[in-house]
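Build the full structure now, drawing on both the sequences and the hints.
Residue numbers (our numbering), protein chains in the order written: chain A, 1 to 174; chain B, 1001 to 1274.
Take these hints with a grain of salt, some might be off.
Calculated pairs, DSS-like style, for lysine-lysine (alpha carbon to alpha carbon, straight line, at most 27 Å) [unchecked claim]:
id	chain 1	residue 1	chain 2	residue 2
1	A	K107	A	K157
2	B	K1114	B	K1098
3	A	K157	B	K1114
4	A	K38	B	K1098
5	A	K38	B	K1114
6	B	K1103	A	K39
7	B	K1111	A	K38
8	B	K1114	A	K3
Which residues of chain B face chain A? A few of them, derived with a C-beta cut under 10 Å, are [as the list claims (entries may be wrong)]:
id	residue
9	I1046
10	F1143
11	G1144
12	K1177
13	C1179
Okay, the calculated bits of chain A under chain B, using three or more residues with CB under 8 Å as the criterion [claimed, not checked]:
id	stretch
14	11-18
15	41-51
16	56-64
17	116-127
18	136-144
To be clear, the hints were calculated from the coordinates, so they are not data collected in a lab.
All C-beta atoms, glycine included, are put in the ideal place defined by N, C-alpha and C.
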Amino acid sequence: MRKTLVLPYSDDAILSIKAGDDVLLSGVLYVGRDQVHKKLYEALENGEPLPFDFSGNAIYYMGPSPAPEGFVIGAAGPTTSARMDRFSPRLIESGLRVMVGKGPRSKSVAEGIAEHKGLYLQAYGGCGALYSSCILSAETVAYPELGPEALLRLSVKDFPAICIIDSSGDIWRG
Amino acid sequence: MEPDRAISRVVHAIIEAERKLPSDVFECINSAVPSGGKAESVMNAIKQNLEIASRCNLPMCQDTGVFWCLASIGRNSGVSLPLIESVINSAAAEAAEKGFLRKSVVSEPYKARKNTETNLPPFIYYELTDGDAVELSFLLKGFGSENCSSIRMLRPTEGEDGVVKAVVEMMKEAGGKPCPPVFLGVGIGGTMDRAAFLSKKAFFRESMDAELSARILSSVNELGIGPGGLGGYPTALGVSLLYEPTHIAGLPVALTVNCWAERKAVIRFERGEL
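Okay, structure coming up:
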């Protein structure tokens, strides 16, 4: 089914999305990939404050190419989610419930999503120009020293994705 | 010798390659008949993405890759190696800036991982060829797929079946991670590193064994990983294979996995153009 998900999300909206649904995301979307995950994980371990509130917010695994003049961002498609698997269960435990990336997740991530009623959405891999056209604004929130891997906040409109793991732990296997 | 003109030809070719696929690669994607459902959604998104990239002059993928370059130098070209190296380095640097490519390279891979902020260095190979031309083959290699590339040192008695089995196992392990449908480069023989090198050079040459390539292609498609890893057909769109002599005790088999965005540029300089 075709669904929409407005971000920040409401609990009801998450529960209504099922594995295999086509989902259009609109609203605020945070961006972080490998090094951001390592830093968020370390912040949690050390009891330090997080650079954004996990509650209600989704994270997108992405590192954009530079924005040419007249663009808010360059190409901006998803990166491989599996590399985040070592950090995600800890982040999910701490309230991060909606993740957007590409490719399969580990068993422990799927279990965490089921337990905490989250979602894993897959964006279309390699489609950087397509996603660039869904992004209305982009700003750096933290870790600017990471360059293309910095933590960003995007505003997106009709950002297409597919639900792979839903809040009851069902996994879309094709 | 006109190094500036040579550099600008290379820069143009790299930037173009980030935005438009080579016509044979595009044709493979365009003519593939997906098995419906999500397979069709993914293939449609890829086509829409290519249209936007071309129309807006944006890289098709945010992972604009590392610069992998093979310099094939004619024995009678009379061109100096340092000049070729300098053209490659200068062109890569300029393309990264002018093409708004992502700076994806870090120094000290297992330590500080500090971004070089230039997307340099390029990874350059040199080989000698017959004739008097110089050809630069650039593969703009993304790492979602490169992380799925691998090598196996098979037993010398495993033969064709062993090669097919090894590639299928590597692709099974890759699953939906490398942005399928993929293009595969297979390198067989030599030493461990030579097989790996051949698996990348294969993207720039006719397969040396069309029959085995076809067998690998159909076996990988039987895995049913599907576009985006969401099941169905196609999982792979092309397989090119190169081989060379090897030791009596070994059968090295290397696989380079390339995502659907098989971005490459070939720039040929005839004698006197470089």
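So if I understand the rule, the pair passes when the alpha-carbon distance is 27 Å or less; does K38 of chain A with K1114 of chain B pass?
This hinted pair holds, its Cα atoms lying about 15 Å apart.
Please check whether the stretch 56-64 of chain A has three or more residues whose CB lies within less than 8 Å of a CB on chain B.
It holds, with 3 qualifying residues against the three required.
Restraint status (C-alpha distance of K157 of chain A to K1114 of chain B at most 27 Å)
Violated, because 33 Å separates the two Cα atoms, which is more than 27 Å.
Pair hint K38 of chain A and K1098 of chain B, alpha-carbon separation not exceeding 27 Å:
32 Å, violated
Please work out if K1111 of chain B and K38 of chain A have their alpha carbons no farther apart than 27 Å.
14 Å, holds
Check the hint pairing K107 of chain A with K157 of chain A against an upper bound of 27 Å on the C-alpha distance.
31 Å, violated
The stretch 136-144 of chain A covered by chain B? Criterion: 3 or more residues, Cβ-Cβ distance below 8 Å.
violated (count 0)
Examine the stretch 116-127 of chain A: at least three residues should have C-beta closer than 8 Å to a C-beta of chain B.
holds (count 5)
Run the distance test for K1114 of chain B versus K1098 of chain B: straight-line Cα separation, threshold 27 Å.
22 Å, holds
Taking 27 Å as the top limit, are the C-alpha atoms of K1103 of chain B and K39 of chain A close enough?
20 Å, holds
Mind checking the CB of F1143 of chain B against every CB in chain A and telling me if the closest is under 10 Å?
Holds. Min distance 9 Å.
Go through the hint on C1179 of chain B and say holds or violated, using the shortest Cβ distance to chain A against 10 Å.
Holds: closest Cβ of chain A sits about 4 Å from C1179 of chain B, inside 10 Å.
Of the numbered hints given earlier, the model fails hints 1, 3, 4, 8, 14, 15, 18; all others are met.
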